[in-house]
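Chains as they are written, first to last, in full-length UniProt numbering: chain R, 1 to 122; chain H, 1 to 125.
No lab work stands behind these hints: they were computed from the structure.
The model shown is predicted, which means the values in this text are computed figures rather than measured ones.
Heads up, some of the hints might be wrong.
Unchecked claim - SDA-like, lysine to any residue: derived pairs with alpha carbons at most 25 Å apart: (1) K95(R) / T69(H); (2) K8(R) / G26(R); (3) K41(R) / A11(H); (4) K10(H) / N120(R); (5) K61(R) / N123(H); (6) K43(H) / P104(R); (7) K53(H) / D23(H); (8) K8(R) / A11(H); (9) K41(R) / K43(H); (10) K8(R) / D23(H); (11) K10(H) / Y121(R).
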Amino acid sequence: MDPDAVAKAFVDHYYSTFDANRAGLGNLYQEGSMLTFEGQKIQGSQSIVAKLTSLPFQQCKHNITTVDCQPSGAGGVLVFVSGTLQLAGEQHALKFSQMFHLMPTPQGSFYVLNDIFRLNYA
Amino acid sequence: MEEQIDLVGKAFTDHYYHLFDNDRPALSSLYRPSSMLTFEGQKILGVEDITAKLTSLPFDQCQHVISTTDSQPSTFAGGIVVFVSGSLQLPGEEHHLRFSQMFHLVPIVEGNFFVQNDIFRLNYG
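From just these sequences and the hints, can you work out the full model?
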């Protein structure tokens, strides 16, 4: 398992799914998954998808600036992302940082165990 | 359980940045030979090389001011992931540098943790 390859594939898939069809993110999370979104804590795939699909914008585009990753032990991969988020109709892009802790599934792919998102205010 | 994780995360980051700002060599107590640091994209492995990197950063003094700390339990082995954002003030520099950092903490005995994973990035405006 090459953490860099896993991280790159995951980041590409996650943000393209987020930007095209947020409901499709559900299969990246499981019951034990945790999301902290701007300080709000949410647990479990259903509640997480409900949160993400209810964010107050229809369309968005993530532009990724940096991706750092490290193996976390027990087959996990930590991914640390920074970038910008462009909302339709908004003049200025929002800057954000996000970390994921990916864990392997028996089928040979990865799911998100931990997800923490923060906007970076100037 | 949730609140306990937040307390542990906050206590760790308070301690970490206090050491960083006041006694950088003492950060070696928080890392192990298996620890990994990625500092602005540069990958460093092991407590010795990590301590060497942090103590050789091109400033003598600094102050971290923490804006946000988010913590979550990470694995069945009692680990914790901590996500920090804040600013870094260097003496003589007019503008603060903004940064984000994540830690993956692994427990040792009696409620102590070491840093297994550490990733640091400046947030450019």
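(request) Please work out if K53(H) and D23(H) have their alpha carbons no farther apart than 25 Å. (result) Holds, at about 14 Å.
(request) Compare the distance between the alpha carbons of K8(R) and A11(H) with 25 Å, and conclude whether the hinted pair is satisfied. (result) Answer violated: K8(R) to A11(H) is near 32 Å, above 25 Å.
(request) Compare the distance between the alpha carbons of K10(H) and Y121(R) with 25 Å, and conclude whether the hinted pair is satisfied. (result) Measuring from Cα to Cα gives roughly 21 Å; hence the hint holds.
(request) Would you mind confirming whether the straight-line C-alpha gap from K95(R) to T69(H) stays at or under 25 Å? (result) Roughly 17 Å between the alpha carbons, so the hint for K95(R) and T69(H) holds.
(request) Would you mind confirming whether the straight-line C-alpha gap from K8(R) to D23(H) stays at or under 25 Å? (result) It is violated: about 36 Å lies between the C-alpha atoms, which goes past 25 Å.
(message) Please verify whether K41(R) and K43(H) have alpha carbons no more than 25 Å apart.
(response) violated (31 Å)
(message) Does P104(R) sit within 25 Å of K43(H), going by the straight-line distance between their CA atoms?
(response) holds (23 Å)
(message) Given the hinted pair K41(R) and A11(H), is their Cα-Cα distance within 25 Å?
(response) holds (19 Å)
(request) Please work out if K61(R) and N123(H) have their alpha carbons no farther apart than 25 Å. (result) Holds, at roughly 19 Å.
(request) Sort out whether G26(R) lies within 25 Å of K8(R), counting only the CA atoms. (result) Roughly 19 Å between the alpha carbons, so the hint for K8(R) and G26(R) holds.
(message) Need the status of pair K10(H), N120(R): alpha-carbon distance at most 25 Å?
(response) Distance ~19 Å between K10(H) and N120(R) Cα, so the pair holds.
Violated hints for the displayed structure, listed by number in ascending order: 8, 9 and 10.
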